[in-house]
Structure formats: C-alpha cells, structure tokens
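There are 2 protein chains.
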Amino acid sequence: AIIDTLQASPGQRPAEGLEIVITAGPTREAIDPVRYLTNHSSGKMGYALAAAAQALGATVTLISGPVRLATPPGVARVDVDSAEQMLDAAERAAMTADIFIAAAAVADYRPATAAEQKIKKGSEDELVLRLIKNPDVVATIAAGENAPFTVGFAAETEALEHHALDKLERKRLMMIVANQVGGGLGFDRDDNAATLYWREPEEQIRSERFDAQPKSALAEKLIMRIVAHYRSATSA
Amino acid sequence: AIIDTLQASPGQRPAEGLEIVITAGPTREAIDPVRYLTNHSSGKMGYALAAAAQALGATVTLISGPVRLATPPGVARVDVDSAEQMLDAAERAAMTADIFIAAAAVADYRPATAAEQKIKKGSEDELVLRLIKNPDVVATIAAGENAPFTVGFAAETEALEHHALDKLERKRLMMIVANQVGGGLGFDRDDNAATLYWREPEEQIRSERFDAQPKSALAEKLIMRIVAHYRSATSA
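Sequence lines, in order, name chains B and C. All letters in the first sequence, in the order written, are residues 4 to 239 by the working numbering. All letters in the second sequence, in the order written, are residues 4 to 239 by the working numbering.
Keep in mind that the hints were calculated from the coordinates and are not lab data.
For identical chains, the list gives no copy identity; a pair is met inside one copy or between any two copies.
DMTMM-like cross-link-like pairs, simulated, lysine to aspartate or glutamate; straight-line CA separation at most 25 Å:
#1 Lys174 x Glu148
#2 Lys136 x Glu119
#3 Lys123 x Asp84
#4 Lys121 x Asp194
#5 Lys174 x Glu129
#6 Lys174 x Asp139
#7 Lys174 x Glu87
#8 Lys121 x Glu172
#9 Lys121 x Glu164
#10 Lys224 x Asp194
#11 Lys123 x Glu161
#12 Lys136 x Asp35
#13 Lys121 x Glu87
#14 Lys121 x Asp84
#15 Lys224 x Asp193
#16 Lys123 x Asp169
#17 Lys224 x Glu164
#18 Lys174 x Glu205
This is chain B alone, in the form it adopts within the complex (with noise of 0.2 Å):
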C-alpha cells in the first residue's frame, strides 16, 4: 500500500488531518554564561521538512534549536536550547502527535555541572571538563506509551549506512533518513542527498536513495514517503 509517486500534485494533500511534530537545529549545552558546546547544524532540513510537510496538509509544530531562520508559514514553533528543553518539548507536543521526525542534531553529552559566573582562565596549562550522557530524545519518544510513528536522522562522516542501520534497530525506529556530512553535503547547506531506511514487517532492510539535491525539494520527497509509510503501517 506505500504510493508510488514522490511528486505533489498541485492541490493534493496527502498529510490532510496528520499532526506532525519535527525536531530542527543544534542544541546548546551551557559550560558557564558565556561559553557552550554545540555542533554545526544549521537546521535547514529540519525546517525544510516541516514547511513541506505544512504544504501537504499537516498540522506541523517545530521544536528548534537556535537557527537563524525564519519560521515557515502555519508552522508552530516551539523554541529550545539545551537537550532536556528539546526533550521536554518533544514529549509534551508527542503526547498527541502521529508523526515524530527528529531532524535535530541533539548534543550527546553535556558539562556536569553549567557553572553560575563566567569561568576565569587560571594557571593551568590542562582542564578537564566532565560530560555527561544527555538523554535521547528520539528513543525516549520512539519507546513511550502510544508512540508516535518516530523518524530519526543520521547525519555521519564515515561508515554511514552502518551508523544508520544499528540507531534504526537500537531506538527501535520506523524509518530512519542517513546522511553524509561533509564534501559539500549535509550540515549548513543548501543540497542534500540521504537514504531512507526501514524495515518492511517480519522482512529485512528496505532503503531508498535520494540523489543529491535542494533541501526543499529532498523535503517534499521525505514528507511523501514518511506519510505513505505511516498511512501503510496504521492501515494494516
């Protein structure tokens, strides 16, 4: 029952009466006032997706990270900072959503301790800064009571489709959308290509490969999958 064309038509709606929750941007994880520790997501395929999913019919509410982009239009967005606000946000706006897609690039670790005043550089030649695990906001979502059908990303410079494969299976998600970083893909531009991955019931591994290509055009594609996989998965 998965559809077969990735084209909008002009006018169709295939997400009409879906509410779908997407996750966008870095996150922030505080080591002092001033100082912190983050990555370069720019969240542009975050926000991509969820003006695409809002131009198919979707009721969309966007958790973001800090970005310097502006909300696209009929989207809710709820801003966060750190990895527990993305999480806090997440489980509020899963309780009731039927799509989960986590395109954030959430912090893995975090300091300790965030220290209250400025850190003054001392003697020390050496520091050591004590991280520690932050939670996992797309397994802890995928795992809940009444689950929303989760989609996670994996953004990776080397040895992707494995990377890929194993959070799929270990968070226990529906579908799973791998990319390359780097050699002019990925975080803070413009193009991406990606495959997505899933596991068909009681089959093995299915994938689909998207060719290089504008974010909003990779968007559409994912929001037209992801749906059709959805609509297939509550309608068997």
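With chain B fixed as given, assemble chain C onto it according to the hints.
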C-alpha cells in the same frame, strides 16, 4: 594632550594615516568534524569598531571569527575559525599596525585533540574532554617587538573592574574596555555600556565611563578616545 571632544565633526578624520587592526567574534574549537566549543559573542562590537575606525580615516583590518555580519564598507576582513588561526592572522597584521584592538572573545581552551571522524556516542554515562590552553592573542601581540598600541576587552559577568584591571596589567595593555555581560547588555545585543581603563604615565589608573547606547555610537567614542591616547603616547 588628550582631546576632549568625543563627537567627530562631519568630515573629521582623526584616524587618518593610522593602520588599525581589530579582532571580532567568537572562536570555534573543534572537538570533531561536527562538534565544537564556542561562546555567545556575536561580533557586533568589533564590527562596529571597525566601521567607526574606517569612517574616522583609518586603514582597517578586521580579523573575524565565525559571525553573521556584513563586512563594513572599506574594511579588509580576514576570516578565521580557531584561536590559533586568529593568532596567526593577528601576528601577521600587527607587524605594520599602529593600533591593535582585541574585541574578539577568543576561547581560552581547546580540546587537546580534535577527532578526524565524528565521535560515536558510546555506552559511557560520563565522558572527559581534555582541554589545553589556547594562545593568548592580545597578550602575545602586546608583548611583541615593536608592538602596536594594544587595547584589550574584558567581558565579565561579575567583578568587572577587578578582572579588567588585572588583565590590563598582566597582559601589558595600553588600555582596556570593560563591559558587563548579561542583563540585556553585552554579547549579541545592539546596545552596550563600557568603561575604558588606562594607566597614565607614572600615575594611577584612570577610567572613563560610557553609558548604555547603540554599539555604533559607543564604537565611535571608543575609537576617538583610543586614537587620542595613541597620539598622546607617541608624541610624548
């Protein structure tokens, strides 16, 4: 011999003939290809200083960390990422500079090693990030042979005067601009308040306070003051 007016008359070019180098923005210290340490500096103050110095007649080189700001017209901009790159660019530019103004928020520490591939989250609940001290850009420039007239910045959340005076002496600066971070002022804001400190020849510390105002207005006053002190110091 300090001029008393801080308002430049139209067409007045008190910085004519001077070469001024200004650093701006944060630095990014790579943990791996996607993660990094940084801080909340927006670069706005440094860019405002560069624009003001150029308008007042100076030849300006702006050494900039990663920011989202347009280069002021007529200013030569050198983009850098890390503290080490900023020091390289600063040492090169300082060789011919009359005045060096260090407005950048250079990271004090960087990861001891930057991984070539994205570090995978392991099963460890804790992680230790070993940091080593970055070069001190402004102190290195001030300590150089034939050093330019070097001006530092102190952005602090507490004990502002104490930390600013300590920096002035310890780094052998000619002047230091102190500004409070937080409370709607400082990093990533358009307004700023500041206090300029300097040591009169064989005299005590002197200071001049500038109330909260747009960074462009504050920048013009600071450049007027710095240029006047420079001319006074070199004509003595």
